[in-house]
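Everything in the sequence shown is counted per the working numbering, starting at 1133 for the first residue and increasing by one.
Rather than coming from a laboratory, the hints here were simulated on the basis of the structure.
Among the clues, some could well be false.
[Said to hold, decoys possible] Label pairs and their in silico Cβ distance ranges:
hint, residue 1, residue 2, range
1, Gln1137, Asp1171, 39 to 47 Å
2, Tyr1161, Ser1140, 32 to 40 Å
3, Asp1165, Ala1142, 23 to 31 Å
4, Glu1177, Gln1137, 18 to 26 Å
Cβ coordinates follow ideal geometry from the N, Cα and C atoms, glycine included.
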Amino acid sequence: MYYGQGASMALPIWAIYMNKVFANPDLGYDQSDTFDLPDDFNPCEDKLLDDYDIQTGLDDVFD
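The task is simple: from the sequences and hints, build the whole structure.
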């Protein structure tokens, strides 16, 4: 594993696992299913900018 890249080992294992999950009809998983988000869903609605970000612009930081 070059530079600790465990993903190169984990990905094939995960793929085999997911293929077995999708192949088992008793589990009820379907690859074509999608998750329906509510119409009013906005994940950024309650996020506030940090005061530092508001007081200083990008130019102020790098000038």
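Asp1165 versus Ala1142 beta-carbon gap, inside 23 to 31 Å or not: 24 Å Cβ-Cβ, so the 23 to 31 Å window holds.
Range hint compliance [Cβ, Glu1177 to Gln1137, 18 to 26 Å]: Given range 18 to 26 Å: violated, Cβ gap about 36 Å.
Distance restraint evaluation - Gln1137, Asp1171, Cβ atoms, bounds 39 to 47 Å: 40 Å, holds
32 to 40 Å as the expected CB spacing between Ser1140 and Tyr1161, which holds or is violated: This hint is violated: roughly 26 Å between Cβ atoms.
In summary, the structure is inconsistent with hints 2 and 4 from the numbered list given earlier, while agreeing with the others.
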